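Make the full structure from the sequences, and use the hints.
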Amino acid sequence: MASASETTPSTTQTGRLLVLFGSLAFGFIGGLIVLGIGWLLLTVTPLGAFLGGALGITTKTAWHLTRASGTVAYMLLAASTIWGLLLSSKIIKETVSPVLALAMHNVLSWAAIGITGIHVFALLFDSYYTYRLADLVIPFIGPYRPEWVGLGIIGMYLMLLTSLSFSWRKQLGQKWWRRLHYLTFAVYLMVTAHGVMAGTDSGTPGMKALYWGSGLLVLLLTNYRLLTLGQRGRPAARPARNGRPAQNG
Amino acid sequence: MTNRSNSRPGQQLGALKLAVAGGSLAAALLGTQLVARQEMANTAVSTPEPIVITVPIHLPAMQQTAVGGETAVNTTASSRQTAQLSLNLPPIPQAAVPQINAPSAPVQAAPITQTQSSR
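Those protein sequence lines, which keep their order, are chains F and R.
Mapping of the first sequence onto our numbering: position 190 corresponds to residue 190, and the numbering continues sequentially without gaps.
Mapping of the second sequence onto our numbering: position 24 corresponds to residue 24, and the numbering continues sequentially without gaps.
Rather than coming from a laboratory, the hints here were simulated on the basis of the structure.
Remember, predicted model here, so these are calculated numbers, not experimental data.
Careful: at least some of the hints might be erroneous.
What the hints assert, rightly or not - So the derived label-pair ranges between C-beta atoms look like this: (1) F:T130 to R:Q33: 22 to 28 Å; (2) F:G213 to R:N42: 22 to 28 Å; (3) F:P98 to R:L30: 29 to 35 Å; (4) R:A15 to F:I92: 17 to 23 Å.
Said to hold, decoys possible - Listed next, the in silico PhoX-like pairs over lysine-lysine satisfying Cα-Cα at most 25 Å (straight line): (5) F:K175 to F:K90; (6) F:K90 to R:K17; (7) R:K17 to F:K93; (8) F:K175 to F:K93; (9) R:K17 to F:K170.
For every residue, glycine included, the Cβ atom is placed at its ideal position computed from N, Cα and C.
This is how it looks when you write it as structure tokens:
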């Protein structure tokens, strides 16, 4: 029994790391395969020309799709972050069932990843800058504002990692899962910086409202979460049997 | 009854996933159309008044003299005729100012495959 208890922590930690890196590798390779197959289908085969003619696609459509999908992906990421904060601060506890609330958080984050995939994929067909697949998956090497686009690429990987961690919660353990989940704040900041500094539409009033509105909401809810963290940890004071109030902590 | 009550949360989750995924995709596609329309509206031809410019021109009076079977043209400064030419210029398409954030630092020249005026 003693030997089993000695080997278990290191084994579980190794297992967690394996799961973590396995998930990362799986996501990375899977993404590359999907992007590669799509790119080949649309450029090498006549499918691209056929679709272009049928849907009225011009040389600028890829650029328009990149901008639109980037905005939608940011909205989904912001919604997921805000929903996660509402969930953890128990604000929506009474109104939405826990299963549905958690599922909503999960679905929003995966939708954000999916639309980010479209945002990245559409850039391969951009007629203004020539993007290679490597420019879109390796940070800081692209032709357009590489530092800010690089932040977006790192944010995308971290978003994928935190979303994958939903499925590996049991294997990772609550403590590690929670630590990993704090990366969401970094993801939100990185993606916001990417949007503000590299986004073509970031100067428009609508986008400014989106950045400021979501940013303030995230800040407000994080503040609320931090303030209520200590209060929820303590049990409510109740009178002791001898009539004196019990001491907390 | 048990099956029905158990399948209800599953159905709700399925509907939620479908709604979020479908809504996001639809929003991205509609956004694409919107951006395209916006760009077209920005680069649309404005129709100001046609410009008419009157240019005074001096045409030299020509005298043709037959010299040895060849035709020579003589011009004299005093015999110049003055005329006016009206140029009716059609409205010029006005390009929209692109919505680009000015880079804070000089940006290195990037490989450009095709020039576009909209960025």
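Consistency of the hints with the structure:
1. Between T130 of chain F and Q33 of chain R the Cβ separation comes to about 25 Å, which falls inside the hinted range of 22 to 28 Å.
2. Remark: the range hint 22 to 28 Å for G213 of chain F to N42 of chain R is upheld by a beta-carbon distance near 25 Å.
3. Against the hinted window of 29 to 35 Å, the Cβ-Cβ separation of P98 of chain F and L30 of chain R comes to about 33 Å, which satisfies the hint.
4. About 19 Å separates the C-beta atoms of A15 of chain R and I92 of chain F, a value consistent with the hinted range of 17 to 23 Å.
5. Between the alpha carbons of K175 of chain F and K90 of chain F the distance comes to roughly 19 Å, so the proposed pair stays at or under 25 Å and holds.
6. Distance restraint check for K90 of chain F and K17 of chain R: the Cα-Cα separation of roughly 22 Å lies within the 25 Å cut-off, and the hinted pair is therefore satisfied.
7. At most 25 Å may separate the alpha-carbon atoms for a hinted pair to count; K17 of chain R and K93 of chain F meet this at roughly 21 Å.
8. Between K175 of chain F and K93 of chain F the CA atoms are separated by roughly 22 Å; this keeps the pair inside 25 Å, and the hint holds.
9. Only pairs whose Cα atoms come within 25 Å are accepted, and K17 of chain R paired with K170 of chain F is accepted, the gap being roughly 23 Å.
Of the numbered hints listed earlier, not one is contradicted by the structure.
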